[in-house]
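Please build the complex by placing chain B on the supplied structure of chain A, with the hints as guidance.
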Amino acid sequence: MSVVPMQKVRVVVHQSDVDAFLTTVQRGGAMEFSETTADQTVPPTMEFPHAQLFPRVQHAVGFLELYSPKMGLWTKLRKGTQSRLSESVILNKIQDTDVVTSVVEDLEKIQVELAEKTDRVRVLEEQHELLNMWSKLPMKLEYLHTATTTTYLVSTDAPKANLPEQIHTALTEAEILFGITTVSESQVAVTVSKETSIAQFTKLAESCDGVVHPTPDGTETAEVEFVKVSQLLAKAKGEVALVHDQAEHFAITHLKTLHIASEILTWERDRYTAVDSAVATQQTVVFDGWLNADKRAVIETELQKKNVAAVISEVELAEDEQPPVNIQNSPFIQPFEVVTRLYGMPGYKDLDPTVFLAGFFFLFFGLSLTDVGYGVFLMAVSAMILTLFQVAPVVRTFAKLLLFMGLSSALVGLLFGGYLGIDPESLPAALRAIQVFDPIGNPLPVFYLALGLGVFQVMVGMVLKIYSDARNGQLMNGILDQGPWLSMFFLAIAYLATVTGYLDILLPAQLINLMYVGVVVIVIASGRKGETILQKAQSAALSLYDSIGYFSDILSYSRLLALGLATTALAFAVNLIAELVSGSVPYLGPVLAVVVLIIGHLFTLAVNTLGAFIHSARLQFVEFFGKFIAGTGKEFKPLHRSEQYITVTDE
Amino acid sequence: MESLIGTGLVFAGAAIAAALGFSGSAIGMGHAGQAAAGVLGEKPQLFGKMLLMQALPGSQGIYGLVGAFLILNFSGVLGGDGSLAIDAALGLQYLMAGIPIGVAGYFSGMFQGIVAASGISMIAKDESNMGRAIVLSVMVETWAIFGVLISFILLISIAG
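Order-wise, the sequence lines are chains A and B.
3 is the number of the first residue of the first sequence in this note's numbering; add one for each residue after it.
-6 is the number of the first residue of the second sequence in this note's numbering; add one for each residue after it.
These aren't lab readings, by the way, just hints derived from the structure by calculation.
Since we're looking at a predicted model, the values are computed, not measured.
Heads up, the beta-carbon is just placed ideally off N, CA and C, and yes, glycines get one too.
Misleading hints may appear alongside valid ones.
As the list claims (entries may be wrong) - Calculated lysine-lysine pairs in the DSSO-like style (CA-CA distance at most 30 Å, straight line):
| # | chain 1 | residue 1 | chain 2 | residue 2 |
| --- | --- | --- | --- | --- |
| 1 | B | K36 | A | K78 |
| 2 | A | K111 | A | K237 |
| 3 | B | K118 | A | K639 |
| 4 | A | K297 | A | K636 |
As the list claims (entries may be wrong) - Distance windows between CB atoms, simulated:
| # | chain 1 | residue 1 | chain 2 | residue 2 | range |
| --- | --- | --- | --- | --- | --- |
| 5 | B | M115 | A | L498 | 46 to 56 Å |
| 6 | A | A608 | B | V128 | 26 to 36 Å |
| 7 | A | Q330 | B | K36 | 21 to 31 Å |
What the hints assert, rightly or not - Examples of chain B residues lying across from chain A (beta carbon under 7 Å, computed):
| # | residue |
| --- | --- |
| 8 | Q38 |
| 9 | F40 |
| 10 | I55 |
| 11 | L58 |
| 12 | V59 |
| 13 | G69 |
| 14 | V70 |
| 15 | S114 |
| 16 | A117 |
| 17 | M123 |
| 18 | G124 |
| 19 | V131 |
| 20 | M132 |
| 21 | T135 |
| 22 | I138 |
Chain B on its own, in the form it takes in the complex:
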């Protein structure tokens, strides 16, 4: 029973990392995609640039995926020999490790999408603003990366 709770907590950690990251990216890409669709109605030749801008808030989902895999791998759920025994305290540590990457990914994905949407308006006015628009949008992503970092540090600090 103890082992089942522990494994369940590990799953919860991986699920938080992945699901919040995916959700943040989905919201962010939705904002950016909406703006991009508006621009493309007028300037279809900007499709490549718009696609890239829309993809920028997708990073948080990717980080969430990385985080989930690392949690499952570090805990031994993935790549283990099946004789896994994780107690509740250990499982809780893995759960906590998933929180920074998940929560930071959710909020930064959402807000990066809003900045990317504004960047899309900049590019629509002048294509040469592409670099500036990317930089402004990526600034928000920094916090998701810090989330990845803290989750990683927590993972390697877990005392089994």
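In isolation and in its complexed conformation, chain A is listed as follows:
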């Protein structure tokens, strides 16, 4: 439940052991590498050994994924995409890439064959289209070009054009000898002497809104050639289909192998990318970076076990240098890291807020959704994801958070009488007995509850600030900054409790006098910060402005009431529409009502779950984190294995 301690380290590794060292730290996700600088060193000469094979494998995967059998979402979720492999199997695969190379070569042959055959189909299709254009001309194609004449086919799209007459006039005016064969109203074949160039003829045809078509190859009439090409085209398409079948078969048998190879090669590529940031001597390679201090002992033991010649030494931090930040929590709290990570990492010297926000987030989400039905639905969905589906770790973590959120909604829903928008009056007496709040009929208690929770969370934030300052050796500053304000909050609570008759220790007037004292203490405590008298006065005056900040923070919690009300109102509206539909449409009414209920409640659930999540998170980020988190940290990004297709198992 804290920010993970980091060490700035320099690791010197014998050149022969570089890959073994990097594999060890990569497996543990323990070290982030940074640019290394050292005297009398040169850039390392090591190169990624599979630099040629890796892109070929990636290309093969991309090609085969188009042909892989389509799985339904349910099957995909049930089976997952990962293969379970042990460390030794992974090692064998990286050392022996012959199988993968052979698969890739075979696939490349298929790709070449497919490209050739597809190109052949394209050429034949073009011929097919051209011959179709010429097919009505009753003239053998071999006579289109003779020793003295050339025949062109001219067509037009202009609807009212009398093409034969226009061409006739144009050629006569140009004093060109010609013969015209009318093919159709919009097509003519014009035979001209060889002396007439194609450019000259095209210009004349265009002046008549005509287009000159290229001459097809062949000897017989266009109609006969058209039949021949049709047969060739059908055959070529059949061959392409055959290659597609081969590719589909290949995908079934080899895609998994290629996915695994691609992932293992990606890991290796990442290791050699880390080498790029290192420097080398004659015998060693030197790496600088940040090491997860909690994992250092395990990494060193592992390196010893593998006889890896590597020495890890800690390096002093430069002035104002901040290590990257990672957070780690118990499995129970870990799902709430989703919320913290959404905001970004806290500063390295800050507290990890996850454990402190978990309870508040749980409660606020419940207050924002406030419905037993929706809560149970969310719990059922998350339980299904966690027990039935093979999903990525990130999705599992989110499903765990969803389980908590559903539980919270169900519990709060019981207290608020939220049951899918059903009127509490029509519920069994046992359920009505549990209900404590009536947010629609009497929203004020919920409003005060929301503000009360706000006051409590803001006060917790102040206490955490004192704790955080104490950890950084600034306990006195923490007490002087937060103490007077905390006292003011306690006095204000005591005053409210006294005037409402819940507390009877001091008189309200006495409490108000104590608050005046509190204001003076705040001014004096804040005044210590400046160096000159003017700065001290300025600091003291500004401290009172904080009251506005606290005030607006607390009022911001009123959103909890509004979000809860919105869920209830929307659910109620869905029920009302369903009731109207049921009564107004004969026979089909009840069926339509069920459809309205399902779609309406799913929509309400989706919209309100998103709103509840975002606004519960916002209350943490704006109103809570601001009290005790000073900076934003740079996220720790270690060399690690991204396990998309492989789950590494024990031997």
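Below, chain B alone, put in the same frame as chain A:
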């Protein structure tokens, strides 16, 4: 008739609180959403952060909803026994109570959206700017909260 005018004025107060708050939020979220969509085209991994930034100007709509409910509840329209009698003077007081929350919500929602859109650009350049971007945007919201406060004070000060 007097009672009808009074009830109508209460409705007008609730409607002003809610509708202006909703409109301010809609405009603000529109500004922020437009900027977020531009960023997501280049950096889809920032979706979570963009969604949160877009949601920030949504608070004014929520405050408007709170205000409308409080007006309806304080006046007895909601949760009453149906024998409601609000005269025009009283109704006018409820109407006035809806104005601060509505107007402040409208303008602060609109301008918070503009600041959130600029914050989105900051985050696109460097993710670690998230905290700063939120703080800048939330500063504008302070005035909507003061609107809530004044409306609430007016409501509890109404002399029936």
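Now the hints, each set against the structure:
1. The straight-line distance between the Cα atoms of K36 (chain B) and K78 (chain A) is roughly 27 Å, inside the 30 Å bound, and the hint therefore holds.
2. Of the pairs offered as hints, the one joining K111 (chain A) and K237 (chain A) holds, with about 20 Å between alpha carbons and a cut-off of 30 Å not exceeded.
3. A distance of roughly 18 Å separates the Cα atoms of K118 (chain B) and K639 (chain A); the hinted pair therefore holds under the 30 Å criterion.
4. Distance restraint check for K297 (chain A) and K636 (chain A): the Cα-Cα separation of roughly 19 Å lies within the 30 Å cut-off, and the hinted pair is therefore satisfied.
5. Taken as a hint, the range 46 to 56 Å is violated for the pair M115 (chain B) and L498 (chain A), whose Cβ atoms sit roughly 40 Å apart.
6. Remark: the range hint 26 to 36 Å for A608 (chain A) to V128 (chain B) is upheld by a beta-carbon distance near 30 Å.
7. For Q330 (chain A) and K36 (chain B), the hinted distance range of 21 to 31 Å is satisfied, since their beta carbons lie about 27 Å from each other.
8. Because the closest C-beta pair between Q38 (chain B) and chain A is about 12 Å apart, greater than 7 Å, the hint is violated.
9. Nearest Cβ of chain A to the Cβ of F40 (chain B): about 10 Å, over the 7 Å cut. The hint is violated.
10. Because the closest C-beta pair between I55 (chain B) and chain A is about 4 Å apart, less than 7 Å, the hint holds.
11. Contact between L58 (chain B) and chain A, as hinted, is supported at the beta carbon level, the nearest pair being about 4 Å apart and thus within 7 Å.
12. At about 5 Å, the closest approach between the beta carbon of V59 (chain B) and any beta carbon in chain A falls short of 7 Å, and the interface hint on this residue holds.
13. For the restraint placing G69 (chain B) at the interface with chain A, the shortest Cβ-Cβ distance is roughly 12 Å, beyond the 7 Å limit, so the hint is violated.
14. The interface hint given for V70 (chain B) is violated, since its Cβ lies 12 Å from the closest Cβ of chain A, which is over the 7 Å cut-off.
15. Because the smallest distance between the Cβ of S114 (chain B) and any Cβ of chain A comes to about 16 Å, over 7 Å, the interface hint for this residue is violated.
16. With 7 Å as the threshold, the beta carbon of A117 (chain B) stays out of range of chain A, its nearest partner Cβ sitting at about 14 Å, so the hint is violated.
17. The restraint placing M123 (chain B) at the interface with chain A holds, with a minimum CB-CB distance near 5 Å, inside the 7 Å limit.
18. Because the smallest distance between the Cβ of G124 (chain B) and any Cβ of chain A comes to about 5 Å, under 7 Å, the interface hint for this residue holds.
19. Residue-level restraint check for V131 (chain B) holds (minimum Cβ-Cβ distance to chain A is 5 Å; threshold 7 Å).
20. Given the 7 Å rule on beta carbons, the hint for M132 (chain B) is violated: about 10 Å separates it from the nearest Cβ of chain A.
21. For T135 (chain B), the suggested interface contact is upheld, since its CB lies about 5 Å from the closest CB of chain A, less than 7 Å.
22. Taking 7 Å as the C-beta contact cut-off toward chain A, the hint placing I138 (chain B) at the interface holds, the least distance being around 4 Å.
Of the numbered hints stated above, those contradicted by the structure are hints 5, 8, 9, 13, 14, 15, 16 and 20, listed in ascending order.
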